[in-house]
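Protein chains: 2
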Amino acid sequence: MSPKITVELLRQLRQAMKNCKYFSEPIQAYIVPSGDAHQSEYIAPCDCRREFICGFNGSAGTAIVTEQHAAMWTDGRYFLQASQQMDNNWTLMKMGLKETPTQEDWLISVLPENSKVGVDPWIIAADQWTNMSKALTSAGHSLVTVQDNLIDVVWEERPSRPSTPLITLGHEYTGLSWQDKITALRAKMTERKITWFVATALDEIAWLFNLRGSDIEYNPVFFAYAIVGFNTIRLFVDLKRLADPAVRAHLQLDSPSKPELNIQTFPYESVYTELQAICAALGPKDKIWICDKASCALTQVIPKAHRSPIPYTPLCLAKAVKNATEIQGMKMAHIKDAVALCELFAWLEKEIPKGTVTEISAADKAEELRSQQKDFVGLSFPTISSVGPNGAIIHYRPLPETNRTLSMNEVYLIDSGAQYTDGTTDVTRTMHFGTPSAFEKECFTYVLKGHIAVSAAVFPNGTKGHLLDSFARAALWESGLDYLHGTGHGVGCFLNVHEGPCGISYKTFADEPLEAGMIVSDEPGYYEDGSFGIRLENVVLVVPAKTKHNYRNRGSLTFEPLTLVPIQVKMMNTELLTQKERDWVNEYHRRCREVVGAELEKQGRKEALAWLMRETQPIALQ
Amino acid sequence: MSPKITVELLRQLRQAMKNCKYFSEPIQAYIVPSGDAHQSEYIAPCDCRREFICGFNGSAGTAIVTEQHAAMWTDGRYFLQASQQMDNNWTLMKMGLKETPTQEDWLISVLPENSKVGVDPWIIAADQWTNMSKALTSAGHSLVTVQDNLIDVVWEERPSRPSTPLITLGHEYTGLSWQDKITALRAKMTERKITWFVATALDEIAWLFNLRGSDIEYNPVFFAYAIVGFNTIRLFVDLKRLADPAVRAHLQLDSPSKPELNIQTFPYESVYTELQAICAALGPKDKIWICDKASCALTQVIPKAHRSPIPYTPLCLAKAVKNATEIQGMKMAHIKDAVALCELFAWLEKEIPKGTVTEISAADKAEELRSQQKDFVGLSFPTISSVGPNGAIIHYRPLPETNRTLSMNEVYLIDSGAQYTDGTTDVTRTMHFGTPSAFEKECFTYVLKGHIAVSAAVFPNGTKGHLLDSFARAALWESGLDYLHGTGHGVGCFLNVHEGPCGISYKTFADEPLEAGMIVSDEPGYYEDGSFGIRLENVVLVVPAKTKHNYRNRGSLTFEPLTLVPIQVKMMNTELLTQKERDWVNEYHRRCREVVGAELEKQGRKEALAWLMRETQPIALQ
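These protein sequence lines are chains A and B, in that order.
Residue 0 is where the first sequence starts when you use numbering that gives the first Met the number 0, and the numbers rise one by one after that.
Residue 0 is where the second sequence starts when you use numbering that gives the first Met the number 0, and the numbers rise one by one after that.
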């Protein structure tokens with residue numbers, strides 16, 4: 000991987016920062032956040048501005064360019080990747096390390112007095128704007144909005160915004176009509192005395208209307224905004240997309256069942272002026288809900304007295320708690336996904352000794368096998384297929400110049416997932432096709448212990464995910480090891496593979512209590528830089544737990560694995576496992592056999608079935 | 000315990016709320032916070048305003064009185080106690096339960112439009128003021144300062160503010176002179192470009208000057224403020240206390256060694272005007288450090304542009320990391336404390352069968368035995384001596400009307416501690432002097448498993464205490480049990496038994512990373528309302544841990560118990576313990592024998608020694 004050469008781009012950007020065509024006074028620093036106008040994690044090519052300016056293409060990172068410096072902040076998953084993708088005009092700021100300054104502190108330390116720091120208000124979240132602005136102001140600087148995006152100014156041949164066909168999802172997939180979702184939303188608004196709700200997150204809009212698109216790779220969403228009042232529903236979307244009769248019928252555009260369920264449609268770009276118009280007509284007590292992570296541009300349209308910012312929206316929470324139909328769909332999707340992976344691993348076992356399988360070809364094979372499954376739509380994120388030292392690059396994606404051959408001598412890590420019409424998957428397995436070293440087995444076993452500790456944890460109703468994070472680390476910590484990422488994220492149902500508002504992480508922000516029906520990942524890891532990476536990831540469903548007692552009738556929860564793919568016993572040092580942990584592995588493998596075995600049988604996939612049967616033999620007492 | 004009758008008091012307070020002698024417009028609600036002007040947890044009688052108005056005398060709670068309602072918020076430790084001490088004019092607001100509104104939400108739900116909510120700015124912390132004010136303002140109300148405290152207005156015969164003699168601590172106790180502490184503080188100020196520091200927390204001021212007082216029961220502190228600049232040190236204290244030649248010499252009041260170490264003294268009350276004068280003379284770039292938990296009154300003296308609020312002060316952090324002399328002192332104090340407790344338990348075993356020992360007499364005996372130890376100063380908090388159902392009242396304090404007799408049939412819980420000139424102790428043991436029930440043993444064993452899980456935990460440098468909290472609960476959770484309080488708090492060295500900025504709790508605020516030299520408690524529990532309480536508490540020292548590996552050279556930490564008092568084996572269901580846990584118990588008891596046994600021997604306390612030897616016999620493999 001060779002770094003992007005940015006000398007000329009930075010020169011042009013710095014010139015734009017002084018060009019009074021874009022503002023009344025030159026700015027001394029320009030912030031390039033990661034997201035798009037919807038604060039999406041994955042973004043369309045036209046929105047990859049941070050990647051364009053610095054070369055780093057991970058999913059999280061903020062670049063800041065001053066007259067003298069250029070720096071980029073990212074987290075532990077991306078330290079290695081970012082250092083390889085950026086040239087030496089850029090300083091990598093490793094977030095989470097004690098010595099790394101915050102963006103605010105760094106700006107304050109490098110800027111001349113009374114500096115102006117510019118940012119595009121559409122791609123900075125309102126809460127980030129507030130924090131950044133406060134910090135800069137208290138140091139004598141100011142944060143200013145720059146309406147023309149300065150990256151776009153220097154970006155020749157920037158791609159245009161996608162507008163893919165919309166697909167409609169029926170009751171058999173969603174379990175709840177969009178009309179019922181609107182009604183539930185309005186009930187929440189009534190409860191909190193809110194008159195309007197502005198939806199800006201693309202997955203929330205897709206979920207609300209039971210529509211999907213493919214504007215952003217891996218995420219079945221479409222560019223849109225929605226504003227919901229008690230009598231109106233306004234949808235902002237490229238109007239060409241609504242010509243499809245199926246979509247028109249689904250949304251009842253031509254014959255609304257009730258006046259309050261009449262969807263008014265507007266062009267995507269008109270959300271700003273439409274929201275302005277709504278705000279101009281507000282009564283003195285009217286309040287508008289908007290997520291504090293919505294864009295600064297849209298948030299500031301709403302006068303402060305009428306603005307009711309929330310850390311996550313009622314749609315976000317409703318979407319996170321899956322209904323029975325969604326849970327059933329997620330289960331089916333995971334069985335199909337397991338079939339594809341069993342096939343993959345049986346194939347790898349046969350092919351690797353020939354020396355012809357590479358990280359890329361293995362990833363392609365995984366995609367090919369998944370695509371044979373019913374209702375396959377696409378991948379849910381770029382496959383991480385990594386051999387040996389590449390496995391230590393936490394969000395590695397194989398490229399021709401980094402592509403390694405799978406061998407009998409190195410650890411192989413594959414983190415992959417797919418979108419099916421009935422659900423979204425995300426699974427990581429780490430395997431060795433020869434003989435793993437004692438240290439590799441030791442680390443794998445600590446990671447497995449952590450995975451089991453979370454998966455088997457029983458905890459009271461109302462517990463937030465961050466309280467479970469240390470369970471995943473205890474075995475690693477005891478040996479002086481750790482991993483620099485969270486343990487789990489929410490997973491959407493045929494939606495984004497990463498979603499809020501719950502998760503399992505040492506970070507405690509935006510962490511809503513876990514409740515039955517939520518779906519998260521459980522994915523501890525260990526990364527030995529330059530040598531190997533280990534991660535074990537299942538998607539798990541929060542379910543009620545039966546306990547001996549029931550303190551204050553609070554009830555208890557635990558997890559049920561949805562992912563049903565064998566965990567390689569060869570990588571385990573089973574002596575390090577307790578009897579309870581061995582029992583967990585055996586019971587998990589029994590479930591894989593039972594459920595996935597039946598499906599392999601049904602699909603007539605004999606080699607994969609043989610592989611499954613062999614890989615799920617119970618481990619014996621030592 | 001009968002509740003305080005508050006009808007007449009509330010009538011008078013509500014009258015004062017309408018009396019324009021105190022403000023230009025009547026107020027519709029009045030907030031009575033728990034603390035004093037220093038936001039102390041334990042407070043002097045003259046500051047017990049919340050107790051005076053509602054009857055509840057726990058260490059944490061906020062009362063709010065409106066024209067129609069009176070409500071009091073407290074946490075899980077105090078639900079039972081508060082419900083018993085307050086009459087039915089008061090609504091108990093159980094913090095931490097999902098259905099309990101915040102103070103802000105409750106006020107907004109009960110107040111008429113455009114209400115004014117009053118509070119004494121000296122006893123509300125600046126951060127609380129900000130949050131409360133923001134919430135009320137956004138709902139159309141306003142938070143206003145009321146200079147005359149309205150409780151004092153209705154409080155006849157309010158006690159006067161104490162002014163006890165000061166005692167000086169030499170290098171053999173502190174390990175660091177106050178001059179060196181001032182120098183270190185100034186170095187931190189230089190590093191952060193701060194020109195002044197305002198100290199308002201009483202334990203920080205006592206620690207800084209190596210002085211102690213006894214103005215507040217159990218806490219060896221004295222009422223004072225301090226303001227430190229680069230050339231001046233201003234101490235605000237009742238000037239009569241500085242007449243003592245020992246104090247004058249200690250502070251070098253008559254012959255400062257260097258001009259910048261010259262302490263200027265002022266009356267306690269003049270801190271407000273003196274800070275005003277300092278602020279009037281500030282240069283444009285001058286910044287003043289003040290804790291965001293300092294009083295709103297004092298914080299607002301500092302113009303916003305010059306104010307640099309911090310969640311905890313450099314003194315707070317420096318005080319939390321004990322030096323070698325302090326650690327040695329804490330160890331000695333805990334050995335003496337263990338001697339007293341071994342004697343107590345040996346005595347209880349002999350006396351309980353006679354039916355003459357009560358909760359109060361047991362607590363008195365514990366105090367008597369502690370007072371025989373060298374350098375004993377007093378208790379570090381009111382002894383919780385509780386039998387059977389009283390044990391379920393988490394911060395129970397025996398009173399004549401609740402006093403139960405210790406018996407062979409009920410669980411006994413004693414949580415007690417002392418101040419010695421060399422250190423502060425805090426220890427809880429739960430015992431049965433007859434035959435515990437299977438359920439009592441089961442719960443005790445889960446609590447013990449949690450205690451051990453924290454005490455034996457190994458974790459990376461930089462880990463915050465909240466990440467360890469769930470270790471203490473895992474065994475309870477698995478059985479559907481829990482406890483509604485944190486797991487540990489910082490402990491001062493001959494200072495407050497509760498101190499910041501570290502601890503072990505599911506609450507994550509003001510939680511600084513643990514580092515070697517910090518001292519915290521480890522005290523999980525289980526409370527069966529109406530039946531029994533169990534808690535197991537050791538004070539533990541954070542120490543470096545040796546681990547097999549050392550990921551990114553971060554280093555690891557673990558805990559070393561300072562408390563060395565046997566844990567009753569009779570209460571354990573040893574079959575529920577793992578071999579590792581049994582080993583931990585045996586090794587802990589070996590240490591108790593070795594260290595406390597030697598001291599009992601030296602002090603010639605034969606009965607206690609015999610008790611210790613018997614109670615520390617190794618538990619055998621099942």
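Note that these hints are calculated values from the structure, not bench results.
Don't be surprised by glycine CBs; every beta carbon is placed ideally from N, CA and C.
One or more of the hints may lead you astray.
Stated by the list, open to error - Far from chain A, some chain B residues (derived; all Cβ distances over 10 Å):
(1) 179
(2) 263
(3) 353
(4) 404
(5) 456
(6) 457
(7) 468
(8) 480
(9) 484
(10) 505
(11) 550
(12) 613
(13) 619
Said to hold, decoys possible - Restraint ranges, calculated between C-beta atoms of paired labels, are given here:
(14) A:585 - B:437: 26 to 36 Å
(15) B:278 - A:68: 33 to 43 Å
(16) A:68 - B:374: 21 to 31 Å
Hint check results:
Non-interface call for residue 179 (chain B) relative to chain A: holds, since the shortest CB-CB distance, roughly 25 Å, exceeds 10 Å. With a closest Cβ-Cβ approach of about 30 Å to chain A, residue 263 (chain B) is found to remain outside the 10 Å limit, as its non-interface label requires. With a cut of 10 Å on Cβ distances, residue 353 (chain B) stays outside the contact zone with chain A, its closest approach being about 36 Å. Against the 10 Å criterion, residue 404 (chain B) stays outside the reach of chain A, whose nearest CB is about 29 Å from its own CB.
Residue placement check: residue 456 (chain B) does not keep its beta carbon more than 10 Å from all beta carbons of chain A (closest about 7 Å). Against the 10 Å criterion, residue 457 (chain B) falls within the reach of chain A, whose nearest CB is about 5 Å from its own CB. Not every CB of chain A lies more than 10 Å from the CB of residue 468 (chain B), the least distance being 7 Å, so the non-interface label is violated. A Cβ of chain A approaches the Cβ of residue 480 (chain B) within 10 Å, the least distance being about 5 Å, so the stated non-interface status is violated.
Under the 10 Å C-beta cut-off, the non-interface status given to residue 484 (chain B) relative to chain A holds; the minimum distance is some 13 Å. The beta carbon of residue 505 (chain B) sits about 6 Å from the closest Cβ of chain A, which is not more than 10 Å, so the claim that it is off the interface is violated. Interface exclusion of residue 550 (chain B) from chain A breaks down, the closest Cβ pair being 5 Å apart, not more than 10 Å. Even its closest Cβ contact with chain A, about 32 Å, leaves residue 613 (chain B) beyond 10 Å, as expected for a residue assigned away from the interface.
Annotated as non-interface, residue 619 (chain B) keeps its C-beta farther than 10 Å from every C-beta of chain A; the closest such distance is 20 Å. With their beta carbons about 30 Å apart, residue 585 (chain A) and residue 437 (chain B) fall inside the hinted range of 26 to 36 Å. For residue 278 (chain B) paired with residue 68 (chain A), a C-beta distance near 35 Å keeps the hint of 33 to 43 Å intact. Distance hint for residue 68 (chain A) and residue 374 (chain B): a CB-CB separation of about 57 Å, inconsistent with the stated range 21 to 31 Å.
In summary, the numbered hints that this structure violates are 5, 6, 7, 8, 10, 11 and 16.
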